[in-house]
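Chains as they are written, first to last, in the working numbering: chain S, 1 to 328; chain Z, 1 to 616; chain X, 1 to 293.
Certain hints may be false.
Partner residues are not named here, just some residues of chain Z that face chain S (Cβ under 8 Å, in silico) [what the hints assert, rightly or not]:
hint, residue
1, E145
2, Q257
3, S258
4, I280
5, K282
6, S285
7, E298
8, S382
9, S385
10, T389
11, L393
12, D472
Counterexamples of contact, computed for chain Z against chain S with all Cβ distances above 12 Å [claimed, not checked]:
hint, residue
13, T47
14, H61
15, N63
16, G68
17, I92
18, V106
19, Q139
20, S271
21, N297
22, N412
23, E468
24, G469
25, K517
26, K538
No lab work stands behind these hints, which were simulated from the structure alone.
Just so it is clear, the structure is predicted and the values come from calculations on it, not from any experiment.
Just so you know, even glycine gets a beta-carbon here, dropped at the ideal spot from N, CA and C.
Spelled out from the first residue to the last, the chains are:
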Amino acid sequence: MNYFVNRLLYLLVVFVIAISGVFVLVNNMPGDPAYGLAVYIAQQRNMQFEQALEIAHKMMGIDPHESVVTRYVKFMNNLLRGNFGYSTFYNTSVNEIIARALPWTLFVISLATFISFSIGIYLGAFAAQKRGKTIDTLISTLASIIQAIPPFILAVLILFVFSVRFRLLPLGGAYPVDMEPSLSISFIGKVLLHAVGPILAVAIPQMASWTLSMRGNTAQVMEEDFIRFAEMRGLADSVIASKYIRNNAMLPLVASLAIGIGYMLGGQTLVESIFNYPGIGFYFGKAIAVRDFGLLTGLFSLIVIGVIVATFVADFVYALIDPRVKLK
Amino acid sequence: MNSVLKKFIAIFVIVFFTAGIFAGCGQQTKPSQEATQETKPQETVKTGEIRLATDWPFPFHGNPFGPGGVGGAWWFVYEPFAYYIPQTGEYIPRLAESWKVEENKVTVNLRKDAKFSDGEPFTSKDVVNTVNFIQAMWQWPYDIESVEAPDDHTVVFNLSKTSSSSFVHTLLTDGAMASLAPVHVYKDFVDQAKEVADLGKKIFYLQTEGKPVPEDMKTEYEKKSDEFRKKVNDFAPFKTLGKLPVVGSFEPVKVTQSEMEMKANKYHWASSQMKIDRVIFKKWSSNEFVWASLISNEIDAAHPSMPKDVVEQLSTLNPKLHVLTVSDLSDISLVFNFKKPLFKDLNLRKAIAHILDRNKIRDVSVWQANSYENYADGILKSMESKWITQDTLQKLTKYNTDTAAAEEILKNAGYKKVGDTWQQPNGQPVAFTLSVYGPHNDWVLAAREVVQELNSFGFKVEMKLIPEGMRDQVMRSGDYDAAIEFGSAWWGYPHPLTGYQRLYDGDVSAITSFPAKDKYNTPWGELSPYDLVLELQKNLQDENKAMEIIQQLAYITNEYLPVIPLYEKVLPIYYNDGYRVTGWPSKEDPIWSLAPGGIERVYDLLITTGKLVPVK
Amino acid sequence: MRKESLKNFYYDYIQPLLVNKKSLIGLIILTFFILMATVGPLIVPLDMTSNFAERYQKPSLKHPFGTDYFGVDIFQQIVHGSRSVISLTMLASFFAVLIGTVIGVARGYLEGIVGRAIDAIIMVFLVIPSFPALLILAAVFMNYNLNVVEIALLVAVWLWAPLAKQISAQVLSLKSKEFVEASKMLNMPLRYILFSDIAKLLIPYIFINFVMQIKGAMEFSVGLMFLGLAKFDPTHWGIMLNYALYQAGALYTAKGFHYIFFIILNIVLLIYGGILLSQGVEEVFNPRLRGNE
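This is chain S alone, in the form it adopts within the complex:
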């Protein structure tokens, strides 16, 4: 278990550096969250701008003179207790925002990732084994093209074709407004139906890049000596293909998968706003726009932690399925 303790310590160091980096970055961002409000106040009450800014700071509960160090200590202290901070714009704890928005984001993203990864792996391996044949050209050309299309075009297209033109999918929201969340079949069905659009918009481009990466990896593995050896042993092609080639080609992708999932905790701002799907991406965009430093650092921390946890889990799984990594 020494390996994992080591790994954990290492990730902890990464965590501290990354979080501190994010904090420094966000705190050096120009802009004052109270500025907009101050302009409004100055105009409404016909007063000096500096005075209005002071009032605005008070109304939003911001202390502009608080030192960066104090803020940093406070922030770290909170974070260690699982408190992601406080949003000045929404006047609520970041935890509450996360609690409400994250489940939907996770739902869409984990499904989209699972689907795209499974199909992408299969297609990529298949194309590599048929290297040079028409089917390979077809798969890799298609994947390259989809990969090159900007994702928001795809989102708008899906919305327009499925929800507007053919009315196959509902428009907006995570479930119908008339329904109450429950565990009934009909409710779950509706939730799934509402998620189809966003899932497709996230999954299709991902699938293309998984296909391309898997195709490359498989091609490499195919030429490894142990595959030759297996062939010589007279193992059936299908066994070699699934047991040896696919497994080994997939291993490096597991790490990217983990990082990808962690990243996506930040939500898909564009997809979410085009489909009006509740999720955390919306808050990320807003936090930058209104200079809500508390919310911003909170969401950044969430993603950083997400990627680190996912990496750790990936390491663990990696060790389980790859005999070469030994659990010392």
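Could you slot chains Z and X onto chain S? The hints should help.
The following block gives chains Z and X in isolation, referenced to the frame of chain S:
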């Protein structure tokens, strides 16, 4: 096969374990508010429903003083004393039955049948508490020196002597003034609110009279107001009470991140007329979503900006969809930074006014907008005929697109064209950057066209985008040469005074540093626009005098060009007639002019007067 | 001597690429775009004068790609925009690949505490979400007048980490392979092992990454332009696409189909050309794959 299975299990583990951890974290931090908010018993007696699009803060707190307030539900939740229709100048009584304006005193007689959605009657005590609250929370409006409630249905406002003449309009029509803080909801805060408000007023009046304010009074105020503000900010009626008692026509009953459901206030004074008892708000998450929703009948009305060709296609995509436009009471202008020597030269500004093809700028930027073809007099295009006399128009310079005229002006002023580039009299090229706020798409388009036209004339202009969230800061600090901004704007009190105040004594003068206090040569003698604005304010009631001052201001604005207006912004309103609801008024109906600054007022008025009815 | 090595270089590296079908087509496509960016603007004049009456004209001899929402010729804009696409975008992905490769190889080769430290740096850049971080960085640098190279570096800072991670893994696994061991035993200098053996094997890998980065770099640079950090260029393909989608709503009207189509066609073609070339490079330089052909 077994190993494939193993692989999939492995992926599953990664995906769902990670997901689980975070979902788990989320669950733990999610206390009881879920129970109160999302599992409310629901009575679904449907008669009529309308679906709209807007924005609101989520998690929803239902506290108007909290950040984001109640979002787009505002005008359904809080009613003002009256609605004002700019096009006819008519006040439509809402919470007030009638009112009387005397010197520094406004007496409002409240509607006797107004009730909150929980059945509590609406009385003058609620108004008094509301005024105390907003004065304590927002340090505004100190124009109200005191407010009294002689009986349950009468409120007397005593205005301060320094109160501006347009404040009566604000008092009557601002949604915050009447019903923001009902006593029965905010009962724990009533005394504290009054104390903070009184103390704040006392300090403010001392300051305006130029008298010293005792330090201990200041510190006491700071302490008390902070305490009060914190207490109010932490109060979330929607969470703690599980409901939001409203005096307006609809009460939010269920709020998620993407939808808000509102039920009709059964006790509303106009409820017998209302044929629609449910409003669904969809989150305005993106223009694309709103377009899609309008086309597919998912919402019944909205006001997104839509490109011309998309609108032209609407009739084939959805024949039930109609569109009209009303003035948004503001214009988009080219503004100059008068701290830069380049723009101090009136000749250059005049030349620019002649170079720009304002019709074209309108076309590419917001095709539905009203273009200023010839003048730059500070009066909104749609209001010009009402406020500018023919006689004045004769006196004004016409800035029609005429590059020859521009060259003439420049040459006479000592500029010369060397090669492709114009040079200033001092030999420097005419070069500057045009700043524009990036997130405002239509402004960026206008800027793009302005830059294009000026460059092909022979100036060296570059476009610079102001990042999201930095507009006020950049403009206020004067860190720009020229910019695209709101010029004249008649928000609040729709009157030339509001526009000229903005140009010479408000936001625009603050960002441009236009020397408004200087005297300018006019047919009426040497006049300063700053003084004229003050004078106009004093003579608002005297129609002839006011009209005369407006002519003088129009002349100065047109001849000395503090800004060059590009086009008058309009609000395009799209409505769906005959899918869910019908009974929309004709496109010429003055009711629509109530839309700028709160389009929900139009919907509210149409519903509460029984004009909008569900489709059978 | 010199001539000889040039000749060798040609036969070793260039000729195989011209023989391979994929890399040949890829090369042709890329050459086309490079010509477009270098010579194109000299041949094709750019007239950005908007003409609202002539908007959304179908492709014709006068307007090979038709006209856009403003009535401006799309073909001219594509040609002139290719310059900023190629310069800013390609430069950014080039820097990203360069940083990623150097750090990745270094990590793969260095052991002990230095290696761990490099690993931690890679990890830090991996865990910080890149796009929002870039947006913030852009705001931080708002008032500096950065040139193209500096902006490309700024973008590259947030793109290199995944590549470095992958390369270090590759190097680690290559390091244990027989031929590297053999080179070591022959007492060849570290430099030689690094560049001759390992780098050769990594070339295809790096190449495909370079291509994949282009898309990311394009999105990033558009983001920066809208933020006002990079100089706003209305003909940059990404900006054109933004106009087409958000301002002109071209997806919603049949008239606007060609507007979006031609922009996407060029983006897709550019990236597809890159992917083809990199697949060709992979087949040519990965000796094990070559055997399979």
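- Message: At 12 Å, judged by beta carbons, does K517/Z keep clear of chain S as stated?
- Response: Nearest chain S Cβ is 16 Å from K517/Z, so the label holds.
- Restraint satisfaction for S285/Z [CB to CB of chain S, less than 8 Å]: Interface hint status for S285/Z: holds (4 Å vs cutoff 8 Å).
- Query: Would the hint on S385/Z stand, with a C-beta cut-off of 8 Å toward chain S?
  - Reply: Result: violated, 28 Å to nearest chain S Cβ.
- Does Q139/Z sit more than 12 Å from chain S, CB to CB? violated (6 Å)
- Message: Next item in the hint list is L393/Z. Is there a CB on chain S closer than 8 Å to its CB?
- Response: This hint is violated: L393/Z lies away from chain S, its Cβ roughly 31 Å from the closest one there, beyond 8 Å.
- Status of the hint placing E298/Z at chain S (closest C-beta pair under 8 Å): holds (5 Å)
- N412/Z and chain S, when compared Cβ to Cβ, separated by more than 12 Å: Consistent with the label, N412/Z stays out of reach of chain S, its closest Cβ about 39 Å off (over 12 Å).
- Task: Mind checking the CB of T389/Z against every CB in chain S and telling me if the closest is under 8 Å?
- Result: Hint violated; T389/Z Cβ to chain S Cβ min 30 Å, cut 8 Å.
- Task: Please settle this one: N297/Z was flagged as non-interface, so is its CB more than 12 Å from every CB on chain S?
- Result: violated (10 Å)
- Does K282/Z pass the interface check with chain S, least Cβ-Cβ distance below 8 Å? Status holds, d = 6 Å.
- Going by Cβ atoms only, is S382/Z closer than 8 Å to chain S? violated (23 Å)
- May I ask you to test the interface hint for Q257/Z with respect to chain S, counting a Cβ-Cβ separation under 8 Å as satisfied? Since the shortest Cβ distance to chain S is 3 Å, the answer is holds.
The structure does not agree with the numbered hints 1, 8, 9, 10, 11, 14, 15, 16, 19, 21, 23 and 24 stated previously, though it agrees with the rest.
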